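Chain residues, written in single-letter form:
Number of protein chains: 2
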Amino acid sequence: MNKPFFKVINKDPGTKARTGQLQTAHGLIETPVFMPVGTQGTVKGCSPDELRESGSQIILGNTYHLYLRPGHKLIEKAGGLQEFSGWRDPMLTDSGGYQVFSLADLRKVYEDGVVFKSHLDGSSHRFTPESATDIQMSLGSDIMMVLDECPPYPCSAEYAAESVERTSRWAKQCLDKFRNTELKHGYAQALFAIVQGSTIPALRKRSAEALIAMDFPGYAIGGLSIGEPKPVLFEIVELVASLLPCDKPRYLMGMGKPKDIVEGIALGVDMFDCVLPTRNGRKGQVFTWQGPMNVKNAEYKEDGRPIDENCRCYACRNFTRAYIRHLIHVEEMLGRRLASLHNIYFYHDLVRKCREQIKNSTFVTWKNDFLTNYSTTVKSFTN
Amino acid sequence: MNKPFFKVINKDPGTKARTGQLQTAHGLIETPVFMPVGTQGTVKGCSPDELRESGSQIILGNTYHLYLRPGHKLIEKAGGLQEFSGWRDPMLTDSGGYQVFSLADLRKVYEDGVVFKSHLDGSSHRFTPESATDIQMSLGSDIMMVLDECPPYPCSAEYAAESVERTSRWAKQCLDKFRNTELKHGYAQALFAIVQGSTIPALRKRSAEALIAMDFPGYAIGGLSIGEPKPVLFEIVELVASLLPCDKPRYLMGMGKPKDIVEGIALGVDMFDCVLPTRNGRKGQVFTWQGPMNVKNAEYKEDGRPIDENCRCYACRNFTRAYIRHLIHVEEMLGRRLASLHNIYFYHDLVRKCREQIKNSTFVTWKNDFLTNYSTTVKSFTN
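Protein sequence lines correspond, in order, to chains L and P.
Residue 375 in my numbering sits at position 375 of the first sequence, with consecutive numbering throughout.
Heads up, my numbering is the position in the second sequence plus 383, with the first residue counted as 1.
These aren't lab readings, by the way, just hints derived from the structure by calculation.
Please read all numbers here as calculations on a predicted model, not as lab measurements.
Built from N, CA and C at the ideal position, the CB exists for glycine as well.
Warning: the hint list may mix true and false statements.
[Claimed, not checked] Listed next, the in silico DSBU-like pairs over lysine-lysine satisfying Cα-Cα at most 30 angstroms (straight line): (1) L/301 with P/567; (2) L/301 with P/500; (3) P/460 with L/296.
[As the list claims (entries may be wrong)] To be clear about the criterion: a stretch of chain L counts as covered by chain P if any three or more of its residues have a C-beta under 8 angstroms from a C-beta of chain P, and this derived list gives those stretches: (4) 35-45; (5) 73-79; (6) 82-96; (7) 293-304; (8) 311-322.
Isolated chain L (complex conformation):
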C-alpha cells in the first residue's frame, strides 16, 4: 500500500521544477501532470476516448457527488469508478471535504467529522475520516485523499490552528482506517495527505511536519485558490513545497490558470487539477498560446481559423472559430464539448511542454517566453 511509487526523473537547474513518474494500479503518470475534473464520473462533455486522445493521464472524481449519486456502493458493485465510467486509466478522488465545506450554511464541523445537508434534497449526511476513506475504497480510485478541513479565507489564526490540528488528527484516522481495511477491488490504492494552515506560514509548517511524520505516499497543498492574493498563494506554495519530502509527489489542489500552473511547476509542484478548462469552455472561453479568448465574441463571427492555429486538438483540426462560436451561441452541446476538449488539450500540452523543457534544462527561458507571450495579442476574459 504504502510502497514508494513515485520517482523523480529530471530536476531543473534553474528552478525547483522536476519531472517524475507516478506508478498507479491503472497506469504510469508522467509528472508534472494536469488532471481534468470528472465531478460526477464524467469530465463534462468528454468521452473517455476523447480524454485519452487529448492527453489525459489521470482524471478526478468528486466523492461528495458520487456518494450522493449514484452512490459509492453501486459503483463498488460495478467494479469501481474505472469500470463504471469506462475510463480505465488512473483516477484520483477527493475526500468530499472541500465540497462539503463549500456548502457553508448546510454543514457543521464536529471533532469527529462533518454533518451536511445534500444540495439536492436537503437530506442529512455525515462524513468522518473513516467513512470518507471507506467510500473512496469503494470507488476504487488509484489516489485517495484524506478528509481535511479547508478553512475559508480569511479566517482567524485561532480557527486556522484548530483546523490544522483537526486535519492532522483526521489524516491519522484515515490512514489507520485505510491500513486496517481490506482492499475492495484487489488493486493498490494510495492515500495522500493534505497540508492546511490558511496563509499563516507557521501553521503550514506545523501541518506539513505533522503529516510528513505519518509517512504518506504523497502530499497535497490544500486551502488555497479560495480568494487569497496571488503573491500570498505562491509564497505558501513555495514554503510548503520546500518542506515536503523530495521523493513524494506534491499536488496543489484546485489551482488552474495556465500561468499559475507554470509558476507552480517552477516551485516544485507535480500535480494540478482545475475545473477551468471545462467550466470556461462551456461558456466559450478558450485558451490559446497567445492567451485566453472568448470565442463567442462578435469578432469571430466569420473567422475561418481554428481556435489556435498551433493546436493539434480535435476541435482545432476539424472546426473553425465561426462554427464553434455559432454552436455556443445557440447553446448546442457540440460547442460546449469542442471548447472543453480544446481547453483540456491545451492544458495537457502546456504541462507536456513543461516536462520537455525541464528534461532539456531549458525550463527557465521557456517559462519566461511563455509568460511574456501569453495574454498579449488575444483579448482576454480573465488574466
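Starting from the structure of chain L, add chain P where the hints point.
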C-alpha cells in the same frame, strides 16, 4: 440540375418497397435512408465523425433556424453548410415552411409568401418561394425543398384546397427561381417538391399531379404526422406513393417511429427524417430491437449490460445501462450524447436491414418478425 439522379436497384416482390441510389454532389446515398435532423447545423450531441461512424449518409438542416442564426449569408461565405459544419457528406435542407407554419400566432400567410416573427426576438421576417430557394442555394444543401404550406390537422376542405393551389404555385416559383439563379457553390443542388392536401385523397391527387407535371427530381409527402390517426396517415402515404413517378425518390417528411418507418418503406417510401432519435435520446428514451425503453428507470440502476446487447454502436460497445442511466439522471452531456448516438445508430441499422431484406426478397417475412418482436419484452415509453 434537373438530371435524373436517382436509380431504383431492387424491388421487393411482396410489397412496394424498393432500394435505390441517390447521387448527390457530396456523395452517393443508399435508400431507403434515415436522415438525422441537424436543426442548427449540428445533430444535437453528435460530431460529424460520430454520425459517419453511426451510419449517417445524409443529415438535415433547418432553413428557418439557420436563416436566423448564424444567417445564410454567413454560411454562404464559409463555403456552404457542409464546409461550415464539418459534415462534408450530403445534406438536405427544408424550406423553412413547416417551422414557420408551426409558429401559429406568430405568422400570417399571404399569396406571395409568409410573414413571421422570430421565436428568438420577435423581429419580423418574410419567406417567399424565391427567398426560400435563394437561402437554400446560399446554404448549399444537396437537396433543397420548395416552400410549401402545411395546413394543420384537422382543417376544412376549402382551406386544404386553397393551400394545395398555393403550394403548387409556390413550387413553380421555387423551380423558376432555382433554374434562373446561378449556383453559389459550383456543385449541383436538387430541388424537391412537396405534396400537400391534408387527409383528403382527391386533394392529394390534385397536388401530386400538379407537381409531377413540373418534373421535379424528387417528391416529398408533407403535411402528415401532425395529429391525424395512423391508419389515415398510411392511407395517404400509400395513395401518394402510388401516384408519384417510380423513378424519382419519395421522401416522407417528419415521420419516425421505427415501426412506422418499416411500414413506410413497405409502401414505397425512400427517405425519412425525424427528431425522435435525438429528442428522445436526450431524455433517456432509447430504442432496442425488443422495443423502446427508458434507461432512466430504476430497474436499470445496476444493470451492467449495454442498452441493446445486439447493437454495435459506440455507446453499446463501451458503456452500461447503469452508467448511461446515471449520466442522464445527473444531467451530464455525455449521457444525452450516448443515448442519441445509440438511437441514431439503431435507426440506421433498421433501414440498413430493410435494404438488405429487400435485396434478398425476404422483406415481408422480416418485416412481420420485426413488428412482432418489437415492443414485446421491454417496457415502452411510447409505442
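So, going through the hints one by one against the coordinates:
1. L/301 with P/567: holds (21 angstroms)
2. L/301 with P/500: It holds: about 24 angstroms lies between the C-alpha atoms, which stays within 30 angstroms.
3. P/460 with L/296: holds (19 angstroms)
4. 35-45: With 5 residues close enough to chain P, the hint holds.
5. 73-79: It holds: at least three residues are needed, and the segment 73-79 of chain L offers 3 whose Cβ sits within less than 8 angstroms of chain P.
6. 82-96: This one holds; 3 residues, not fewer than the three required, reach chain P with a Cβ under 8 angstroms.
7. 293-304: holds (count 3)
8. 311-322: Answer holds; 4 residues pass the 8 angstroms Cβ test.
In terms of the numbered hints stated before, the structure departs from none.
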